[in-house]
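Engineer: Spelled out, the chains give:
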Amino acid sequence: MLKAIQCNTQEHAFRHVTSIEQASKIKDEPHTILWLDLLSPSEQELKKLGNEFKLHPLAIEDASHEHQRPKVEEYEQFYFVVFYAAHLDAQEQGLEVSEVDMFLGANFLITVHDKPLPELEEVEQRWTRNVKQLEWGIGVLLYSMLDTFVDRYFPVVDNMVDQAEEIEDRLFSGTIRQKAFAQELLELKKRFLTLRRIVTPERDVLNVLTNRDTPIFDEHASVYFRDVYDHITRLADTIDLYRDQLSTTMDANLSIVSNDLNKVMRTLTAASIILMADSLLAGIWGMNFVNIPELHLEYGYFGALAVMAVLSFLLILFFKRLKWL
Amino acid sequence: MLKAIQCNTQEHAFRHVTSIEQASKIKDEPHTILWLDLLSPSEQELKKLGNEFKLHPLAIEDASHEHQRPKVEEYEQFYFVVFYAAHLDAQEQGLEVSEVDMFLGANFLITVHDKPLPELEEVEQRWTRNVKQLEWGIGVLLYSMLDTFVDRYFPVVDNMVDQAEEIEDRLFSGTIRQKAFAQELLELKKRFLTLRRIVTPERDVLNVLTNRDTPIFDEHASVYFRDVYDHITRLADTIDLYRDQLSTTMDANLSIVSNDLNKVMRTLTAASIILMADSLLAGIWGMNFVNIPELHLEYGYFGALAVMAVLSFLLILFFKRLKWL
Amino acid sequence: MLKAIQCNTQEHAFRHVTSIEQASKIKDEPHTILWLDLLSPSEQELKKLGNEFKLHPLAIEDASHEHQRPKVEEYEQFYFVVFYAAHLDAQEQGLEVSEVDMFLGANFLITVHDKPLPELEEVEQRWTRNVKQLEWGIGVLLYSMLDTFVDRYFPVVDNMVDQAEEIEDRLFSGTIRQKAFAQELLELKKRFLTLRRIVTPERDVLNVLTNRDTPIFDEHASVYFRDVYDHITRLADTIDLYRDQLSTTMDANLSIVSNDLNKVMRTLTAASIILMADSLLAGIWGMNFVNIPELHLEYGYFGALAVMAVLSFLLILFFKRLKWL
Amino acid sequence: MLKAIQCNTQEHAFRHVTSIEQASKIKDEPHTILWLDLLSPSEQELKKLGNEFKLHPLAIEDASHEHQRPKVEEYEQFYFVVFYAAHLDAQEQGLEVSEVDMFLGANFLITVHDKPLPELEEVEQRWTRNVKQLEWGIGVLLYSMLDTFVDRYFPVVDNMVDQAEEIEDRLFSGTIRQKAFAQELLELKKRFLTLRRIVTPERDVLNVLTNRDTPIFDEHASVYFRDVYDHITRLADTIDLYRDQLSTTMDANLSIVSNDLNKVMRTLTAASIILMADSLLAGIWGMNFVNIPELHLEYGYFGALAVMAVLSFLLILFFKRLKWL
Amino acid sequence: MLKAIQCNTQEHAFRHVTSIEQASKIKDEPHTILWLDLLSPSEQELKKLGNEFKLHPLAIEDASHEHQRPKVEEYEQFYFVVFYAAHLDAQEQGLEVSEVDMFLGANFLITVHDKPLPELEEVEQRWTRNVKQLEWGIGVLLYSMLDTFVDRYFPVVDNMVDQAEEIEDRLFSGTIRQKAFAQELLELKKRFLTLRRIVTPERDVLNVLTNRDTPIFDEHASVYFRDVYDHITRLADTIDLYRDQLSTTMDANLSIVSNDLNKVMRTLTAASIILMADSLLAGIWGMNFVNIPELHLEYGYFGALAVMAVLSFLLILFFKRLKWL
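Chains as they are written, first to last, in this note's numbering: chain A, 1 to 325; chain B, 326 to 650; chain C, 651 to 975; chain D, 976 to 1300; chain E, 1301 to 1625.
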């Protein structure tokens, strides 16, 4: 599915374009900036695109395969940029990432992706509204694109941070179902790792866009890309902090589980000793020796019960002191 | 809330200014250094500020959002610096950090923050007192600012170090409440991590201020910034040392908990064997065989008790030897 | 075993060559690119090869020994490249790696390996088919070689990733045989480490081939090597992610094992206390005191059983509450 | 307390100087090298020193505070160096570090410290003896200083290494008191970390002194500083090795503790089963059924004892096989 | 003990030299390369050596002390190189390292070591045999030296790798003696760490020899040193792989020990419950209530035994299902 918009930077006019061929024709008109967005294009469409816009076959091939690494590659006529959008899934629990491949020419930007992305509508609005920055050329469009993507990471990371904090709180707030706890923690950690695998190379992408004096960017645009770079650096910091913290939580959990075991064993030990001691007494007075004087005392039985009670009481006191009960 | 001070570096005179417009007017007077401090400014105030002092809209936008990363950014007319103040909270237990955004021009410094900061009064006093350094220009004001902030980190870190030492001492000094212990340790570690997330990029900020030959700083000021750099490097060292040490403490704790369990189990084993052995004897002599010769001995019962006592004694000796009791 | 192919880049013609001497003769013909593939060559063959193609004795010696590290070395007349092919073994469980040593001259590529490699047939097909890239010279052959090798890594890594995911799922899905689990995890981790030991220096190899302005490569080829570099970087990322994840899985496993123990001990404690309490009662009423009034009640026995039942019921309730049963 | 020595490098003569003022006067005499050592100077003395020798107030302020980080700072007229001496404490167990602040001018060295340091006497002897190196100027004095300090680290580290080895040996040689063991290990690790915090930045200090072509140093001196650099690098290596090794020892300890627990539990299980099985038999033959034929056998009792003995023997054999006893 | 060989690179003649003085005399003859090997020289010999060959006193002092770090130092007239030989000890279990200090001049190499080294005989043979490389000068001798040393590391590392694999296999193959296991693992890890401490700086040494355009080396020699660099890099890789793997083995061990404990506890729990339940029954029927109807049944006793047997059987079935038995 193709969506293409032509912008005349002199007249501040926007026009929708309906086919790759038409886009290719008007792309050399003066003051023109062109954005083509292709949703799940066929191999053929990509090939046609490559021919019309003189894109390198390798970049076209990369764009037709999923799971590229975030990167920026310089070709003779254009830059090839891979970036990722990140969303929470429907249950607001998992993490979904979508790849977006971009071809950035002197006055055109082509975006290729496999899933519909709500971010792109926002990009369009920001681009068409920011009239006075339009003369900066294609840079402002790419900036709107990357900034929108990175801004959308924040609620995702915040949600994951909330989950991490919630897991930690749960650890100290009462009995937890251990298996579910470990699984949640493991999955959350994996989500952090997955996001980190996207964010770290994207930071490199932005670093390249900021530092290298690229002729296709107006110099005013560089400040804006630096801002996106800052945001993504902060995200990377947060991710690293919580990745570390989750490991510590796992360790703390082991320490708490071990200690719980300790308490259980102390209870078992104390209870066993008390009950076995009383049982021993009962066993002794249940022996069949002919001459066991106390058996013949009138209140011997009650005495025996009293002895048992006193012994139990003393042992309970003793174990209470040791904090075993 | 606005607070603005004009300093005439020739006459060593300080004058309070009451509005952004007035400040903007006098900022081009010769020998003038201007400090504007804005506490929780509205969006409009920030916008007016941006217009009067020709601040880049991106920096203005950064200043209106919390949770920037410590950084220094060069714009055409000014530097944008983000720094953090750190305090202990009211209970002297937790850590509170407050962001301060600064616009540093050729002869003005604008500070923007959301919470009232006692540090700023100290900065004002240091600035107005250090009369003879005033001709160094705006650098001495920024130095007073950053140095005051960093100096205030030390009691915070010292308090955290004390807590870390105290936690460690407690580990070896007796029975600890394990859950509280793990929680305290985890929270303390998180506080170290949080502070580290501030201190590490601030060190980079100071590195930039020290090394880059920035025309807005008098060259005498550079030595001073290097001093602040040293202090913050030392802080980062301390934080790393204790972060590592806390991990080791967690490990040591696990090892101690496991060993406690060991001791409990040895006690249980020894006590069980002794009591069960005696019980077995009592059970044997409680059997109903018609011909159990010893049952008919006159002192059989006492002999039986003696046998039990001797057996118990020998087993106790044996387990004492094994150090199980 | 020798397999040699001569390519005339002007006529797009391919011709098989049958001996090292013949290959050596025609290698200086104009427009010639030569690929020699030697499977388990003898020391003598290698020596002859070295003489004919003026290869440095050190590189020849490296090629005659297995277990070189992936590397690229510049000699005066040629480059010596060591690369690895990776396969799953027959059971699709283990990892098998095969070393390939390459001598890359201005217009020849010599590959030396000890095991037959299916990758090489694919390389030959890709090379002979890509007619229009042939004028780029030897670079396109080396690119086909390295790209094919790296493409073959992906199913291997995917298989290992599947195993890692499967191990993790198994951890949370029920009782696992612990020893087998730990062994599998350990071996899988070792496989990741082994692959990493190959992939990381190979990335360096590709970095060298991409960046250094080497006169033997057509400048068009550089873009292609960068593409291979990207692929191998992504592989390295994946490997690191799963290596980390496997460590966390090991930790989670320990935590789950400890918790299982906890549950077992709670069951033991609860069951012991209930059974021992009832036994104590039975022991008490089995004592031989002459005056135990309740023994003479007509329904004393049933009362006793009822007391035991009630006591058991209450204890069970109590332990159910504690979630110990 | 002031101690000052003037050296005339032409006449190889040494003279004691008694006051800061006198020292300041003679410091501009030709062929003069001056060493001032101040033990716990007052703020006033430091101020006077700063005035006489034109030392920067910031360096003076640094020198009046303890706990600087090892560093070398270039000022216009001098270098400010912070270094540490390290000793074992009186019990040869703990680690004591003392800060020494140095002002290194073209022909003077001023050392400031808070505790008396035996190292300094050795420095004096080395300096006054090495007559022929005296023409190298101030460099030889600084070299003697730093080399002496670093040489004194070796016995400290050796002692710590011995303790680490001894702790490890103890782990495998018998029953250890776990709490004391963990505490010792933790404290030793902290000592390694503390020393590392000094040694690592000191290595940087020496790196700066070696590499930077500093006009105040004779070029012959550079070789000597490189030698000190080597020594301190070796120290850092040793510290890192043992820090790593102590972590592994902690892990090994946990594994041994867990295994001990295992053995205890096997003993408990085996002993419980044997004693409970015999008790069950005794209980059975203690039941009051009217018709229990074996009770009436003449040697039934002895048969019962024999049955118990045989059962115990078989169970013991069984558990011996399992290596549980 | 001195061993000295003079090589005339024009005549390819080798001549033994008997004293330091003689060596010093002939060292300036044309076409001469000189190798002096000193085994445990006295301080005096070293001093004489320093005088005759104009070696820097610092290098001489380094050579007279053991335990230098592998390094290469440039002096005005020569290079000072420290390298290590590594052997398995007599039992083929431990690791023994021997330091060799080398003075490398324009046409002489002096080796100083404290223990007899079989490597040096091999070096001599390789040197005297490689006649045609002799004109490369002193470089070929140093290359033979370092290459021989590094080649000898491989069997040492292979042996350690075998031990690591064997330890791992043992972990999964049956019951291990835990204490011995942990000790072996710890010692093996320490051996890896020790070797790493040698290999890593030696790699730096070779890097320096390879890259720096040193006038004393023929440019042909550089390729050879690069080869040694490759070998030692591969060794470092292997060491790191197994160091990591040993840590994972330690973790796996802990997990297996914990799980063994789990199994023991399940056995204990199941056996306790069965035996205690039967005992309770026996206890109940051993009570002395006057009216216990079933006691008077003719086959009550056998019924009771049957009840116990059935109960035991059901419990065994139940625990078998839970996989507790």
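A couple of the hints might just be wrong.
Below, in silico cross-link-like pairs of lysine-lysine (DSBU-like), each with a Cα-Cα straight-line distance of 30 Å or less [unchecked claim]:
#1 A:LYS115 <-> A:LYS179
#2 B:LYS648 <-> C:LYS973
#3 B:LYS648 <-> A:LYS323
#4 E:LYS1623 <-> B:LYS588
#5 B:LYS379 <-> B:LYS352
#6 D:LYS1295 <-> B:LYS588
#7 C:LYS765 <-> A:LYS179
#8 D:LYS1298 <-> E:LYS1348
#9 E:LYS1348 <-> E:LYS1415
#10 E:LYS1347 <-> C:LYS913
#11 E:LYS1348 <-> C:LYS829
#12 C:LYS913 <-> D:LYS1022
#13 B:LYS645 <-> A:LYS320
#14 D:LYS1154 <-> B:LYS588
#15 D:LYS1022 <-> B:LYS645
#16 E:LYS1371 <-> E:LYS1347
#17 E:LYS1563 <-> C:LYS970
#18 B:LYS328 <-> B:LYS504
#19 D:LYS1022 <-> D:LYS1000
Which residues of chain D face chain B? A few of them, derived with a C-beta cut under 7 Å, are [unchecked claim]:
#20 ILE1035
#21 GLN1158
#22 GLU1159
#23 LYS1164
#24 ALA1252
#25 TYR1276
It is worth saying that the hints were derived from the structure and are not from the lab. These figures come from a predicted structure and were not determined experimentally. All C-beta atoms, glycine included, are put in the ideal place defined by N, C-alpha and C.
Engineer: If a hint holds in the structure, say so; if it doesn't, say that too.
Structural biologist: How the hints compare with the structure:
1. Restraint check for LYS115 (chain A) and LYS179 (chain A): not satisfied, since their Cα atoms lie roughly 35 Å apart, outside the 30 Å limit.
2. Pair hint LYS648 (chain B) plus LYS973 (chain C) does not hold up; C-alpha atoms about 34 Å apart against a cutoff of 30 Å.
3. Our distance criterion of 30 Å between C-alpha atoms is met by LYS648 (chain B) and LYS323 (chain A), whose separation comes to about 21 Å.
4. Distance restraint check for LYS1623 (chain E) and LYS588 (chain B): the Cα-Cα separation of roughly 28 Å lies within the 30 Å cut-off, and the hinted pair is therefore satisfied.
5. With a C-alpha separation of about 12 Å, the suggested pair LYS379 (chain B) and LYS352 (chain B) falls inside the 30 Å cut-off, and the hint holds.
6. For a cut-off of 30 Å, the pair hint linking LYS1295 (chain D) to LYS588 (chain B) stands: about 24 Å separates their Cα positions.
7. Pair hint LYS765 (chain C) plus LYS179 (chain A) does not hold up; C-alpha atoms about 46 Å apart against a cutoff of 30 Å.
8. Between LYS1298 (chain D) and LYS1348 (chain E), the direct Cα distance comes to roughly 67 Å. Violation of the 30 Å bound is thereby established for this hinted pair.
9. Taking the CA atoms of LYS1348 (chain E) and LYS1415 (chain E), the gap is near 21 Å; set against the 30 Å cutoff, the hint holds.
10. For the hint linking LYS1347 (chain E) to LYS913 (chain C), the alpha-carbon distance of about 74 Å lies beyond 30 Å, and the restraint is violated.
11. The suggested pairing of LYS1348 (chain E) with LYS829 (chain C) is violated, with an alpha-carbon distance near 65 Å, which exceeds 30 Å.
12. With a C-alpha separation of about 70 Å, the suggested pairing of LYS913 (chain C) with LYS1022 (chain D) is violated against the 30 Å cut-off.
13. Simply put, LYS645 (chain B) and LYS320 (chain A) have alpha-carbon atoms about 23 Å apart, close enough for the 30 Å limit, and the pair holds.
14. This hinted pair checks out: LYS1154 (chain D) and LYS588 (chain B) have alpha carbons roughly 12 Å apart, not beyond 30 Å.
15. For the given pair, LYS1022 (chain D) sits about 68 Å from LYS645 (chain B) by alpha-carbon distance, which is inconsistent with the 30 Å threshold.
16. A distance of roughly 22 Å separates the Cα atoms of LYS1371 (chain E) and LYS1347 (chain E); the hinted pair therefore holds under the 30 Å criterion.
17. Proposed proximity of LYS1563 (chain E) and LYS970 (chain C) is supported: the alpha carbons are some 24 Å apart, at most 30 Å.
18. Distance check on the hinted pair: LYS328 (chain B) and LYS504 (chain B) sit about 48 Å apart at the alpha-carbon level, beyond 30 Å; violated.
19. At most 30 Å may separate the alpha-carbon atoms for a hinted pair to count; LYS1022 (chain D) and LYS1000 (chain D) meet this at roughly 17 Å.
20. Taken as an interface hint, ILE1035 (chain D) does not check out: its beta carbon lies about 12 Å from the nearest beta carbon of chain B, beyond 7 Å.
21. A least Cβ separation of about 5 Å between GLN1158 (chain D) and chain B falls short of the 7 Å threshold, and the interface hint therefore holds.
22. Restraint check, GLU1159 (chain D) versus chain B: the minimum CB separation of about 10 Å is more than 7 Å; hint violated.
23. Hint status for LYS1164 (chain D) relative to chain B: holds, with the closest Cβ pair at about 6 Å, below 7 Å.
24. At about 10 Å, the closest approach between the beta carbon of ALA1252 (chain D) and any beta carbon in chain B exceeds 7 Å, and the interface hint on this residue is violated.
25. Given hint, TYR1276 (chain D) at the interface with chain B, holds; its Cβ is 4 Å from that chain's nearest Cβ, closer than 7 Å.
Comparing the model with each numbered hint stated earlier shows that hints 1, 2, 7, 8, 10, 11, 12, 15, 18, 20, 22, 24 do not hold.
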